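We have chain C already, so just place chain L on it with the hints.
Keeping their order, the protein sequence lines are chains C and L.
Counted the way our numbering counts, the first sequence spans residues 126 to 239.
Counted the way our numbering counts, the second sequence spans residues 21 to 131.
Derived by calculation from the structure, the hints in this document are not laboratory data.
Check before you lean on any hint, since a few could be wrong.
[To be verified] Here chain C is said to cover these stretches of chain L; the calculated rule only asks that three of the stretch's residues, wherever they fall, bring their Cβ under 8 Å from a Cβ of chain C: (1) 56 to 66; (2) 92 to 103.
[To be verified] Simulated crosslink set (DMTMM-like; lysine to aspartate or glutamate; CA at most 20 Å straight-line): (3) L:LYS118 with C:GLU221; (4) L:LYS46 with C:GLU169; (5) C:LYS203 with C:GLU143; (6) L:LYS118 with C:GLU169.
In this text the structure is predicted, and so the values were computed from the model without any measurement.
Each residue gets a CB set at the ideal place from its N, CA and C atoms; glycine is no exception.
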Amino acid sequence: DARVTQTPRHKVTEMGQEVTMRCQPILGHNTVFWYRQTMMQGLELLAYFRNRAPLDDSGMPKDRFSAEMPDATLATLKIQPSEPRDSAVYFCASGEGQALGEQFFGPGTRLTVL
Amino acid sequence: SQQGEEDPQALSIQEGENATMNCSYKTSINNLQWYRQNSGRGLVHLILIRSNEREKHSGRLRVTLDTSKKSSSLLITASRAADTASYFCATDGAGTYKYIFGTGTRLKVLA
Chain C
126 DARVTQTPRH KVTEMGQEVT MRCQPILGHN TVFWYRQTMM QGLELLAYFR
176 NRAPLDDSGM PKDRFSAEMP DATLATLKIQ PSEPRDSAVY FCASGEGQAL
226 GEQFFGPGTR LTVL
Chain L
21 SQQGEEDPQA LSIQEGENAT MNCSYKTSIN NLQWYRQNSG RGLVHLILIR
71 SNEREKHSGR LRVTLDTSKK SSSLLITASR AADTASYFCA TDGAGTYKYI
121 FGTGTRLKVL A
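For reference, chain C alone in the conformation it holds in the complex (with noise of 0.2 Å):
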């Protein structure tokens, strides 16, 4: 059955490397976002793709977070350099069409920062 993957499911690293985490969205759905969910903040909107043009990364502190889709089957969310306040459940998740619906959320990408 169609689900959003994300690799890897758990990371963790050392305070300056470099974080890359991979979504694949569900076949045929043309809208991807990238949450973060804190226990603290919740869960906040980082950027957000239609048809693989990045719509609005307001959400992304831009200096050291970056998000692409380089392909419609691949969405990735890049920290350099990752700090321990990044840590946090990183969720993907895919729709479809034009208006916004239903969102089918990923496993989610745990990532400890120390």
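Then chain L, alone, in the frame of chain C:
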């Protein structure tokens, strides 16, 4: 910010009882959605209600929307232990293209 605020933050009930969660938001919306998140998992969509709808049902779920009060409620009837999860509302802003998620209600259903 148009972030939804869920109330209560946590709720503990016995199996078979009904659970009601509320969501309040700040600006006008096109749609409001409810999601469930089991521990350690991603969010799962439950139901979407449009701004011109007042009530919607899906199985044991009943969602109401009062745009004049900028609030919505999610009712789970005849709760089961498997309903134990966090529940989030998500609102879009009229004229925007993205959803903002609320802070969530942690529901615990005791067997």
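Hints the structure fails to honour:
2
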